[in-house]
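**Student:** My request is simple: use the sequences and hints to build the entire structure.
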Amino acid sequence: MKLFRYILPILLLMSAFTLQAQKTSVSIKAQATVIDKAEIELVTIKYLDIDAGMAVNGIINVSAKRDGQAGVMMVKGRPDASFRISFAPVVQIQNSAGKGSLTLKYEMYGYSSDNQAASEPIDAAARTLKINSDGQYYFWLGGIIDISKARPGKYEGEFTLEIEYI
Numbered sequence: 000m001k002l003f004r005y006i007l008p009i010l011l012l013m014s015a016f017t018l019q020a021q022k023t024s025v026s027i028k029a030q031a032t033v034i035d036k037a038e039i040e041l042v043t044i045k046y047l048d049i050d051a052g053m054a055v056n057g058i059i060n061v062s063a064k065r066d067g068q069a070g071v072m073m074v075k076g077r078p079d080a081s082f083r084i085s086f087a088p089v090v091q092i093q094n095s096a097g098k099g100s101l102t103l104k105y106e107m108y109g110y111s112s113d114n115q116a117a118s119e120p121i122d123a124a125a126r127t128l129k130i131n132s133d134g135q136y137y138f139w140l141g142g143i144i145d146i147s148k149a150r151p152g153k154y155e156g157e158f159t160l161e162i163e164y165i
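0 is the number of the first residue of the sequence shown in numbering that gives the first Met the number 0; add one for each residue after it.
Here are the computed lysine-lysine pairs in the DSBU-like style, where the Cα-Cα straight-line distance is at most 35 Å: (1) 45 - 153; (2) 64 - 129; (3) 64 - 148; (4) 45 - 104; (5) 75 - 45; (6) 64 - 98; (7) 45 - 64; (8) 98 - 153; (9) 153 - 104; (10) 104 - 64; (11) 129 - 104; (12) 153 - 64; (13) 75 - 64; (14) 129 - 45; (15) 98 - 45; (16) 75 - 153; (17) 45 - 148; (18) 75 - 104.
If you're looking for bench data, these hints aren't it; they were derived computationally from the structure.
**Tutor:** Pasting the structure below:
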């Protein structure tokens, strides 16, 4: 059993924050930093796409199962191999430019082919999954993003996935 840890830096930029107009521009970019690419690779296909205009009472909700704004990642590995995945379900990110914070409660769905509608929930506890015969497994990443305490600035954090062949 070999453990692979992927750290996805999360870069959140809050700009054009105007209290009077209630306009906030939010950009989220997540990318994979692969620690060991010898046997498995995590590829970011699409970034989580949100806009502060989606917020209701300071909360943005992106369904990993249904929304086109969900981020998409693909694991490339040994065909038909079983693996486990685990991750931290909640991350709080501080504004590096001063006051403010964001809370991200992740929702992850996965499936052995590129079919978001057929995907199944993956909770944060280690769960056994199977790479398809082409050596691929897909993940959709969404969740609840609380921007109610956000202020203009730059927000950086990490989303860590641990993948282990079994």
